[in-house]
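Student: Here the protein sequences line up with chains B and E, keeping their order.
If you count the first sequence from 1, you need to add 41 to reach the working numbering.
If you count the second sequence from 1, you need to add 52 to reach the working numbering.
Think of the hints as simulated: they come from the structure by calculation, not from any bench.
Built from N, CA and C at the ideal position, the CB exists for glycine as well.
Worth double-checking, as some hints may not be accurate.
[Unchecked claim] Simulated DEER-style distance windows between Cβ atoms:
(1) B:384 - E:522: 34 to 42 Å
(2) B:202 - E:170: 49 to 57 Å
(3) E:445 - B:73: 42 to 50 Å
(4) E:440 - B:74: 30 to 38 Å
(5) B:264 - E:423: 19 to 27 Å
(6) E:413 - B:377: 58 to 66 Å
(7) E:427 - B:394: 51 to 59 Å
(8) E:440 - B:264: 43 to 51 Å
(9) E:124 - B:404: 54 to 62 Å
(10) B:264 - E:129: 34 to 42 Å
(11) E:413 - B:404: 40 to 48 Å
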Amino acid sequence: MGERTRQVLPSVLSVLLALAVCWLTIAFTRDADTATRAYLQMLWGGIGNWPAFLEGGSSNAVLRPLGEAAMKAALLTLTGLSVAVAFKVGLFNIGAQGQMIWGALAAALVGAHVSLPGLIHVPLALIAAAIAGAAWASIAGVLKLKRGVHEVISTIMLNWVAVSLVDNWLVIGPLRAVAEGASSITGTAEILPTAQLPRLLGDSSRLNLGFPLALVAALGVWVWLSRTRSGYETRAVGLSPEAARAAGIPTLWRAGGAMALAGALAGLAGAVLVLGTEGRYPGSLGAPYGFDGIAIALIGNNHPLGAALSAAVFGILRAGGTRMQLLGVHKSFPELIQGFALLFVAGRMVWLALLDRRQKRAQTQAQGPAQAGAEVPRV
Amino acid sequence: MSLEDASLDIVPGELLAVVGENGAGKSSLMNVLYGLYHPDSGTFRMDGKPVRFKSPRDAIAKGIGMVHQHFMLVPTLTVAENVVLGREPTKRGLLDLDRACDEVAATAKRFGFQLDPRARVDTLTVGSQQKVEIVKALHRGAQVLILDEPTAVLTPQESDELSQVMRGLVAQGRTVVLISHKLKEVLGVADRVAVMRRGRTVAEVRASETTVSELASLMVGEGTKGAALTGVPAVASETPEAAAGPVVLEAKDLRATGDNGRPALQGVSLTVRAGEIVGIAGVDGNGQRELAEVLTGLRKLEGGEGTLLGGPLAGLTPALAKARGVGHVPEDRLARAVVKAMTVEENVALGRHRQPPFARGPWIDFKGRRERTNQLLTAYDVRPPDPAVALQALSGGNQQKVVVARELDAAPKLLVVVQPTRGLDIGAVAQVHERLREARARGAGVVMVSLDLEEVLALSDRVYVLYEGRVTGHFPRKDLDERELGRRMLGAEGSHG
């Protein structure tokens, strides 16, 4: 079994097992037929109803679901990358949610209150969001590296600070849009058209520039980690801080840099949400994409491309989840699947042990029992 | 599994030595005897009756005691508390310390040990701690005592004392099994010697009827010249002092604090010239490690001053040390020298990953790195010679070869090596020693910290002895004397040579 297979297989098996367990759950509480049809609905809702489309249906039947799935996948990719990057340097970033909140707010403010041509406006709003997220993550980073405060504790607490400050005060208080006429609008002011992420498939789908942006981010992080000096140093610090220090690597800068990058990626997720679909910082940021990032990163084995892949899978399931309601299955089912997959993938070592044993048994049978254990490795 | 078809007869009342290279299966065999490992096949008889030990508890009940290489003592407890641990005498349900002390003192006296049962173990010397371990086994009624590499941490004087202790136990009818790879020492004390190679017992000889070189060839197998591999160099290093080049390190009155917060270096002064190997001898924990760390920028210098390769020693960082040309083979390989989850080639690049051929601009130069790694793997005979395999898949000896290859490839002007051959088998030891001599011949100054006195004697052009963070002896090669070194290692001052 190759190294790559060992990395990928446990995740794939975990997702499949989670799908099976959840199917059984529906089958037991309802019946097998409903379970199967609910899964089909989820699939059509995620990747589009291809059978209907091929029989001459409207292209919207495919484009709209795909666009929804892609946008959910984009957000999950960015927050998943955020967690994965921090993990590479040995830090557990539970704070993607808070970092995303600040990124979303920065994007909303720059998008609404700075007047610029579109070619500059969008990048500027994105950069502002990245900086805001990075700054918020750096609080936890500096506390960790200078004072030894555990990043799990500090990032969790900073999440609540962000929620309290932004969601519970700024966007419903000082930064709330002053509505003309009807006064029931919540959230910040609408962003200017120049700050909107361009839609890629016209009006039939919400798919926008945020999706390729997330893919580029995943590729970029992967290339950085695997091909550059600084990425190599970052991995060395994560795997063995003492050896990295002895090799002359500036460990504090690498760890701090990775944490800031993690924050920037989560901040970008906030920007994609605001500039791409919401159009403003809504009354509440809603779905906890930041927390989902933890699951996405872990299911993706903390590999940048793995995170993108698991984000794609769960983007599809999530987008399709609403369609399960047609059969009376609750729309939160994809989250249940995600939860189970995370639970199973946490047993990565168990998976690998099972796979190794299977392989060993196969080898033993192939060689014949007489030769088993004949190898004498040195202690 | 590391044992294959190993047989051993232990005769009551004799001192049996088990010798073999690292990885030959000595410790595994003993762990089987002691019930820690379970054999896949084979039989085990005691007094003619087959027995099966499920755990060390069974072994202890049958009168087998073991003194491990790494002591199993609780440092903050007293001698008596450690000895009775697990079978404490009680009075009305409470620990009866007085009785424990009396019992332990009685056992110690019976076997001729001088031990204060009320002393805290962490205040004792390593040699005394070992005695506590032996008393612990005897106190539990051990008839057969297994000692795993007992002299590895001892000074020559302490080793002599241990030999007497072992002979004394045999004289009292106990059986002693001594595991060692120090052949000279084994021949001096054992009745019989069993030789292990690759998991098999390949020979059993009477100590009086064999020689060091015969044992050595048995250990490494046919086709290898035994005499060259006994740890004693065939050709003594004979660089005359005059040949040594310019000063690469000049340090005065160095002071530093150890990890435990206590002063570890209390005024160490030393000089190292290009083209010489300077040995640092001492019993473990007398400041050698901290000295190496100060010289490589890993530990903060808190007092004193020095010049290292043209720059000040104060304020040295690992990166700065590397830039000036300091190479480092640290003691704890897995923690300090390598990232074991990375590949061999990634580890070869570690520390030099910013320069060609390992990098081109900000990018990793995969091709250059692969080529250089392949060259080094061939030159240093690393097995398997696969640059893309994870480092942790290599054996300890091959990992060390990778580290030595990397550090020497950088052509260091000062090489700091700590315990460079710990845990390596004889073949690898010889190779590492050869490489250190090559580095010297090329003009590098080498500082070698080793707890293995034989190694220090074999390689050093000069030797400093450290005791409690101070230099207690300084000997040029011509004045090297094992006895005198041992005396200084125990703190005896003398006129500095």
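Student: It remains to establish, for every hint, whether it holds in the given structure.
Tutor: Right, here's what the structure says about each hint:
no. : hint                      : in the structure
1   : B:384 - E:522: 34 to 42 Å : violated (58 Å)
2   : B:202 - E:170: 49 to 57 Å : holds (55 Å)
3   : E:445 - B:73: 42 to 50 Å  : holds (47 Å)
4   : E:440 - B:74: 30 to 38 Å  : violated (51 Å)
5   : B:264 - E:423: 19 to 27 Å : holds (22 Å)
6   : E:413 - B:377: 58 to 66 Å : violated (48 Å)
7   : E:427 - B:394: 51 to 59 Å : violated (38 Å)
8   : E:440 - B:264: 43 to 51 Å : violated (19 Å)
9   : E:124 - B:404: 54 to 62 Å : violated (38 Å)
10  : B:264 - E:129: 34 to 42 Å : violated (55 Å)
11  : E:413 - B:404: 40 to 48 Å : holds (45 Å)
Hints 1, 4, 6, 7, 8, 9, 10 from the list above are not met by this structure, while the remaining hints are.
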